[in-house]
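Enquirer: Single-letter residue listing:
Protein chains: 2
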Amino acid sequence: MDNSEIEKFRKEAYQIVDLIADYYQNIEKYPVKSIVEPGDVYNRLPEYAPLEGESLTAILEDFNKIVMPGITHWQSPNFYAYFNANSSFPSLLGEFLTAGIGVNVFSWETSPAGTELESRVMEWLRFMTGLPDCFRGVIQDTASTSTLVSLLSAREKYSNFQINKEGFKDNNKFRIYCSKEAHSSIEKDVRIAGFGADNLIKIKLNNDFSINLTDLETKINDDIKNGYHPLAVISAIGTTGTTAIDNIDSIGDICIKYDIWHHVDAAHLGSALLCEENRHWIKGIEKADSFVFNPHKWMFTNFDFSAYYVQNTELLTKTFDILPEYLKIKTQNVINYKDWGIQLGRRFRALKLWFVIRSFGVEGLKKKIRHHIKLAEWIEQQIVENDCMEIMAPRIANLVCFRAIPHKNIGTELINDFNLKFLDKINSSGKAFLTKTKIDGRIIIRMNIGQTYVEEKHIVSTWQIITDSLRELM
Amino acid sequence: MDNSEIEKFRKEAYQIVDLIADYYQNIEKYPVKSIVEPGDVYNRLPEYAPLEGESLTAILEDFNKIVMPGITHWQSPNFYAYFNANSSFPSLLGEFLTAGIGVNVFSWETSPAGTELESRVMEWLRFMTGLPDCFRGVIQDTASTSTLVSLLSAREKYSNFQINKEGFKDNNKFRIYCSKEAHSSIEKDVRIAGFGADNLIKIKLNNDFSINLTDLETKINDDIKNGYHPLAVISAIGTTGTTAIDNIDSIGDICIKYDIWHHVDAAHLGSALLCEENRHWIKGIEKADSFVFNPHKWMFTNFDFSAYYVQNTELLTKTFDILPEYLKIKTQNVINYKDWGIQLGRRFRALKLWFVIRSFGVEGLKKKIRHHIKLAEWIEQQIVENDCMEIMAPRIANLVCFRAIPHKNIGTELINDFNLKFLDKINSSGKAFLTKTKIDGRIIIRMNIGQTYVEEKHIVSTWQIITDSLRELM
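Here the protein sequences come in this chain order: C and X.
Per our numbering, residue 552 is the first one in the first sequence, and the count goes up by one each step.
Per our numbering, residue 552 is the first one in the second sequence, and the count goes up by one each step.
Possibly wrong hints are sitting among the right ones.
[Claimed, not checked] Okay, the calculated beta carbon distance ranges per label pair: (1) C:Glu941 - X:Met619: 52 to 60 Å; (2) X:Asp721 - C:Asp810: 45 to 53 Å; (3) X:Cys685 - C:Glu556: 35 to 43 Å.
In case anyone wonders, no lab produced these hints; they're calculated from the structure.
Positions of the beta carbon are idealized from the N, C-alpha and C atoms, including for glycine.
Please construct the entire structure, taking both the sequences and the accompanying hints into account.
Expert: Structure, rendered in structure tokens:
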């Protein structure tokens, strides 16, 4: 290869590294949530692509001038919005290398090392999170995809592979069950797989926002009476809204009793299973059929990396395998991960998790997660002690759900309006970004503490912004 | 943030850059196709994750010792296997930056710049490939996913959104049509969407391996007579096996006549539409409903990046949108790309294409593609002039399909056996990696010339290996 091109790359890649390093050095100076208006970025970009090549300098100038102002800083220590989608320096190193060598890990033959490193790190991860040996793992892009893969496996198991072959028939009156607070991707997946959203039955919640078991069993029985086939229950270790934890042990018993597929969605909180004190969340997990969690949420592994575990790999591959002539090879008895999911092409994602686990060590990862939970406890304590705020859902791990109550004896609508203004006030400071949800008609402010490099000082100053904002509004 | 951690990252990221640069400097020294045996990599990796953190030096030592021997070098100029999945230095710079800033582009609010740069580069790309203004683009991960998205849109259009809501009913006897040589992902997508593989009707081929229009229309009419609903035709601009090109203009007419969805899969060859001389391939494209091609195949943009274009974006978003409370925002009239596809979480992929287009310029991209086609023409010419080889499919662009004929008057089976040995011989040289397919019982060797940095010298020396291997075997 042309040496001058390689040397140009070396020099320019150093520049990008510097840009990234400088970005993290200055990240707290930017408003966490971008303040651009719709169209600001689009309209500043030229209408047509350049005909002739441009220099990296020109590109980076536009990046800083046009793109950067439109960035909402997900990696800022003061990002408490939505859910964690964190990264870390070791993960970036692994990601760079993955891009650099650019292999495609769809079958063993196309990438023996990509395949076997994936098998190994997924075994590490299984053991690290306390999942029993009956599970086997595969990397998917997102929990949306993992749950879709799980639902399709269930569909094929209980239709005896008829739907894959012939499509849906009259006797495929399937029903799927999940919490009212389950992630939106579940309804999307139910639609995609052809079940129809009407057949996703939302189960009532207990006071702690977990699935009400009586309601679950009642609805299953009602459906059976009405000629439906209860196909799958999707339970949550940490709903998105409030990180509520379903009783997966008892749900497992119900699923066994009625011969129903059980998928456990631990997308956000799964990483906290590294810490033994949280393992009680997955008591009875050996009864579940599949399990997903996202190291790209809270295990310092940059997006995307979803860890999908399943007991019956034969069922999984029978659901997804297709072998065209141009991919037929001689090597037998190897894993071809293309048959473990939807896409054919697959990036070498195992590399970044390998970098993360080895760089932090299991103990180092646990320490960070416990630190985040401690910080969340501290915020929770401040809110409990504050007369004008209240906790709105049990704090399970690193998410604190709260709201302000400006005055006693005012109605829900007024409280809601006040809290929307309160949230706007906090976010418009530019110093922190929190988001909200709404449950039973009540606006809940969510403060999610899981950014890799968040420290006590950030939490303390954010608390100051919260209380200042409240004082100014009251 | 802790400055010493940032400085450590800066230093270590330079090391990774050097590793990548050195890799490209030495890439031709490795055997293109890895020669490890199954288990070699897995068994050399420790059974359990380390408890304490390790140094980058230790990790990279294992990378070089354990992982590297198991790498099949997709970015080697001598990689002619499967299909292009190329990369380029500008793309790597963009990919590094995407990872570095680590934003999630699922809605406008979560990433205004990510959203608007995506809209802009997809407009650039549309214009660059000659797609008319009636199409709007969105980035998907792979063509597998793009085609699934297309099929789901068709399903919802023609069921009047009933399947999304209620699931399949008796009247949903849908049929989908594609070439016998269409990509395996289509059957997989048909299964996932719940149609059943039996309802994917494979159309006979013309001599050039394109869809036979008479057979297509006959099968559509037969299905209508038998109470089926012809739902979609998926045509190919470049099948995977031989890069055959379907007559999309006439297929478009048939689809309009019978009110059928028409999706055009140009995954591999779409990039060649940058060059005006190839635009006749998409004559009549304005009649198609959707179109996909993969810049990650032949536009020097590292995996993954699939460009999906659709005419009816309202239908698209109506198929996929879901708005849970925790994602509700105030900003109206903006694009939320989560509603344009399957996954919720999305990487900032637009950045790398922006880097590629601006670094090469449109003319630079065209030059590279034309160069690859020229190299393929040269190989084709050598084969035509060689008495012991024959061309097995028309060379459309950068793929040459051929086989050896060791002796006149021997049967197909013997010729097939010989060609499998021939291919093994070429690949075991370690100097080149080609793959095969099988059509109508005949083994076809595929030489796909599209690696970003392939030059004439590589093609000449590979031709030498091919003829040497043949001579030794004969």
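Enquirer: Give a verdict on every hint.
Expert: Status of the hints after comparison with the structure:
1. C:Glu941 - X:Met619: 52 to 60 Å: Since the Cβ atoms of Glu941 of chain C and Met619 of chain X sit about 57 Å apart, the hinted range of 52 to 60 Å holds.
2. X:Asp721 - C:Asp810: 45 to 53 Å: Violated, at about 26 Å.
3. X:Cys685 - C:Glu556: 35 to 43 Å: holds, 39 Å
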